[in-house]
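Q: Below, each chain spelled out in residue letters.
Protein chains: 4
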Amino acid sequence: MKPLKNSSIKLNCDLGESFGAWQMGLDAQVMPLIDQANVACGFHAGDPTVLVNTLNLAKQHQVQIGAHPSYDDKQGFGRRSVKMNADELKHLLWYQIAAVDGVAKSLGLELSYIKPHGALYNDMMASPALLDTVMQAVASYHKPLKLMLLATASATEHKQLAKGYQLELLFEAFADRRYKNDGSLTPRSQAGSVLDHQSALAQVQQLLQNGTVQSDTGDSVVIQADTLCVHGDNPQAVALVQSIRQLLGSR
Amino acid sequence: MKPLKNSSIKLNCDLGESFGAWQMGLDAQVMPLIDQANVACGFHAGDPTVLVNTLNLAKQHQVQIGAHPSYDDKQGFGRRSVKMNADELKHLLWYQIAAVDGVAKSLGLELSYIKPHGALYNDMMASPALLDTVMQAVASYHKPLKLMLLATASATEHKQLAKGYQLELLFEAFADRRYKNDGSLTPRSQAGSVLDHQSALAQVQQLLQNGTVQSDTGDSVVIQADTLCVHGDNPQAVALVQSIRQLLGSR
Amino acid sequence: MKPLKNSSIKLNCDLGESFGAWQMGLDAQVMPLIDQANVACGFHAGDPTVLVNTLNLAKQHQVQIGAHPSYDDKQGFGRRSVKMNADELKHLLWYQIAAVDGVAKSLGLELSYIKPHGALYNDMMASPALLDTVMQAVASYHKPLKLMLLATASATEHKQLAKGYQLELLFEAFADRRYKNDGSLTPRSQAGSVLDHQSALAQVQQLLQNGTVQSDTGDSVVIQADTLCVHGDNPQAVALVQSIRQLLGSR
Amino acid sequence: MKPLKNSSIKLNCDLGESFGAWQMGLDAQVMPLIDQANVACGFHAGDPTVLVNTLNLAKQHQVQIGAHPSYDDKQGFGRRSVKMNADELKHLLWYQIAAVDGVAKSLGLELSYIKPHGALYNDMMASPALLDTVMQAVASYHKPLKLMLLATASATEHKQLAKGYQLELLFEAFADRRYKNDGSLTPRSQAGSVLDHQSALAQVQQLLQNGTVQSDTGDSVVIQADTLCVHGDNPQAVALVQSIRQLLGSR
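Residue numbers (this note's numbering), protein chains in the order written: chain H, 34 to 284; chain R, 34 to 284; chain E, 34 to 284; chain C, 34 to 284.
Next comes chain H alone, as it looks inside the complex (with noise of 0.2 Å):
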């Protein structure tokens, strides 16, 4: 395949997700393959001086920095929802920004934009009080950050919503998971669910082309992305970075 080099499409992975003694992740060889790092916060991964290397690594090789927060879940890795009021999320919310951002600017970086980790993920784009929550918690720390979420076919309310807050959105999509036709993804734990190396990259290519991909039932489903969600948590998933690196063209 020729790289479509007139592609602004931008590459996303969470990163920084060792701690302490537990290394996750295969950080060093991803961060030079993608466009954006969402960095954990230390409260589903992530430590103090996990978030400095990943923050110097995504230096060393210009990639933008995102905040990665999370509910206050080591064990469960985040992926467990913890129910808290409104304004508990927003505290929650503000403190993992502004120890991400502190911390990168005392590096020389610029932290641009926020993307919730898994159950807070999940949530939020389940509903739609949640999701107010958290554009509410990032429009209102105090300096302009974006917001990542799932381009659904919710997209146009979504924007409206954030306009509302004066916040910025970055709609993702994912390079090897299956769609449903409402642009969400099918659930982990249904079969077909994750798509392998060819589907995957077949996929982004659909996505690139014509702005769709194919659904479950294989309807074509139009998505507005501005970054595609990678992985790199093993060889296998470097491999299809790799890939999707060479078809997007050199960063």
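Honestly, the hints are just simulated from the structure, not real lab data. A couple of the hints might just be wrong.
Residues of chain C placed beyond 10 Å of chain R at every Cβ, according to the derived structure [what the hints assert, rightly or not]:
1) GLY225
2) LEU228
3) GLN275
With a Cα cut of at most 25 Å, we get these calculated BS3-like pairs of lysine-lysine [as the list claims (entries may be wrong)]:
4) LYS176/H to LYS179/R
5) LYS43/E to LYS176/E
6) LYS116/R to LYS196/H
7) LYS196/E to LYS176/E
8) LYS176/R to LYS92/H
9) LYS138/C to LYS176/E
10) LYS116/C to LYS138/C
11) LYS138/R to LYS138/H
12) LYS176/E to LYS116/C
13) LYS92/C to LYS179/C
14) LYS192/C to LYS43/C
15) LYS179/R to LYS179/H
16) LYS138/C to LYS176/C
17) LYS213/E to LYS192/E
18) LYS179/E to LYS138/E
19) LYS43/C to LYS116/C
20) LYS138/H to LYS176/H
21) LYS176/H to LYS176/R
22) LYS138/R to LYS176/H
23) LYS179/C to LYS138/E
24) LYS138/H to LYS43/R
25) LYS116/R to LYS116/C
26) LYS176/C to LYS138/E
27) LYS192/E to LYS179/E
So the derived label-pair ranges between C-beta atoms look like this [said to hold, decoys possible]:
28) GLU190/C to ASP165/R: 38 to 48 Å
29) SER173/H to SER222/E: 18 to 28 Å
30) GLY141/E to GLU190/C: 25 to 35 Å
Ideal Cβ placement from N, Cα and C applies to all residues, glycine included.
Given chain H, put chains R, E and C in place with the hints provided.
A: Just chains R, E and C, lined up with the frame of chain H:
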């Protein structure tokens, strides 16, 4: 005792040390009486919501705010030393400072200084290498913040060291603790190390009038303090702060 | 009111909920008044030293001990549901039960029952599947322990379910909470859900004399309780326990 | 090298050190090769589900189990000393031992020994007072458990001390670490402190045949070991365990 109106000495107090369902400190009673609030950052005490509530209380009473970072030790309330290398300590401090800084800013407040907590404070006063690391960490944070430390016989050397980092220092004295001849505090384990109400008031008065305290050997020790550390854990402590406030004159 | 000497109903109370430097509960005042202490296991509250101190206090007053396990959530005091699969929950319960069991035994005490805490208790009463998991976990622990749960209109079914596990149940009623017609409690968010001193005492008296409580609709609801849950968080709560103790007669 | 069939020395290895989503150690590969599994208790590593999985793996391969308690320090993987008084340490040890003991029993296994982890192990070998506290803690647990510690020149004194507590000891040697003349290990920070595959094998062979190791000064040091500590963190470590297993003969 008549107020010493011309005194410019400040009162500082550790606040925001509740955690989740656990309350600690009479913050609402102490805040109106002090000038500087040392706000827990979530590592020995505090959490995102406690932090926001404490900062809002400081805002309401126009009290300066300092970050009160500590070793990562909720179980031991930051009173246990944790061995880490200089880089790890710098990252730990940056993280905590950044969290308070960014949350404060989002509430319309400016963080103005850093006062290490508990074992970290004691270790910093006991080890020149650790003090150097702390200074380096605070000085390399992305915006200028003062460092609060104990006014001892080594104050001149401490100023010299800080100068190298272009770091401004705030020297503090203790109202209710017995001093040694070198300007350090007698350990809490020693009888008479904590002064009663009257003795504490007398110590403050002597400090304000003569710039000295009487040491455990009865000698007069010169202490040049910018701020007085007071406590707000219990009604007796708050009563002492009220008496000291009266002595200093209204804020 | 004259003591109802012939009553065999017990009083149980949540204890051992301090954590590190944070105190909670008037354990020393309540312990002499109760029959059964639900001891925090270190996951929503408590720590190894708090646990030992609490068990020693129970020993001194010859109070039966129960483990009071919870979701892993100190920040939320175990009041937030955490989604986990049945195996994970079983392991979580075993771990906490085992910790209390072995420490108690080393102090010469025998653990006698399990009472889940907070959100886990509520989830267990609301979800038959979760109750089944809890029963299975307690029953498969290596020694026989009773399970304490809410006496509701479903008590007969609960006994049936427990029988399948050869598990003995302890049914509890609440002294100071308003009941619904199905024997469940009105939520704390609802006005009048917590009874004042006199109403609570009246509810206990009716329960002891007639085996019923008056529901929020004014109906009489049959409640067969082995034990009454009381609280010891504050002086008012302790005063109520004292009154109830008097009503029941000395231990 | 021909198997030394008559050797009765055991192989022990630290296992169960994953945590939540973070994997550590090649437990499934190492378990079939060893005799004794030192199982993390959830304070430096491990969690209730990791614990159950590790114990089940030990059961499957009929490996003895020991609890591997540590200071409360997940961030530092138990490698940082935490100052606590003797009572607090005893409670901390009891809690961890009890958790593993009760969970093991519920899986049909019997806990047989205790081996402190990381900084706690080092502190115990360096401080007679701390060793005394550890011995007292293990001996006062409600059932007899052996204590595993380093075989050094002080072994006779250690046995004497243990006798006072009616505590049985298990002395361990290290396959892949360079020794000093007093039977202690050269610190990891020192060059040559960790032996390569061939040197480690040679050290094991000398230990089995002559009951000695060659120290860093080239002297022959008598080491009476009941068990050899091996590692399973990476493929190289596992390869060494396989070679040592071959040397010792099949289990």
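Q: Could you tell me whether the CB distance from GLY141/E to GLU190/C stays inside 25 to 35 Å?
A: holds (31 Å)
Q: Is the hinted pair LYS138/R and LYS138/H satisfied, with a Cα-Cα distance of at most 25 Å?
A: holds (15 Å)
Q: So if I understand the rule, the pair passes when the alpha-carbon distance is 25 Å or less; does LYS116/C with LYS138/C pass?
A: Distance ~32 Å between LYS116/C and LYS138/C Cα, so the pair is violated.
Q: Holds or violated: are the alpha carbons of LYS176/R and LYS92/H at most 25 Å from each other?
A: Given pair LYS176/R, LYS92/H holds - Cα atoms ~20 Å apart, limit 25 Å.
Q: Please work out if LYS138/C and LYS176/C have their alpha carbons no farther apart than 25 Å.
A: holds (13 Å)
Q: Quickly compare the C-alpha distance for LYS43/C and LYS116/C to 25 Å and report which way the hint goes.
A: violated (33 Å)
Q: Regarding the pair LYS196/E and LYS176/E, is the alpha-carbon distance no greater than 25 Å?
A: holds (16 Å)
Q: With the threshold set at 25 Å, check whether the alpha-carbon distance from LYS138/C to LYS176/E stays at or below it.
A: Since the Cα atoms of LYS138/C and LYS176/E sit roughly 9 Å apart, the hinted pair holds (cutoff 25 Å).
Q: Is it correct that the beta-carbon of GLY225/C has no partner in chain R closer than or equal to 10 Å?
A: holds (22 Å)
Q: Between the alpha carbons of LYS176/E and LYS116/C, is the straight-line distance 25 Å or under?
A: Violated - the C-alpha atoms of LYS116/C and LYS176/E are around 36 Å apart, more than 25 Å.
Q: Run the distance test for LYS138/R versus LYS176/H: straight-line Cα separation, threshold 25 Å.
A: holds (9 Å)
Q: Take the C-alpha atoms of LYS116/R and LYS196/H, compute the straight-line distance between them, and say whether it is at most 25 Å.
A: violated (48 Å)
When each numbered hint is compared with the structure, violations occur for hints 6, 10, 12, 15, 19, 24.
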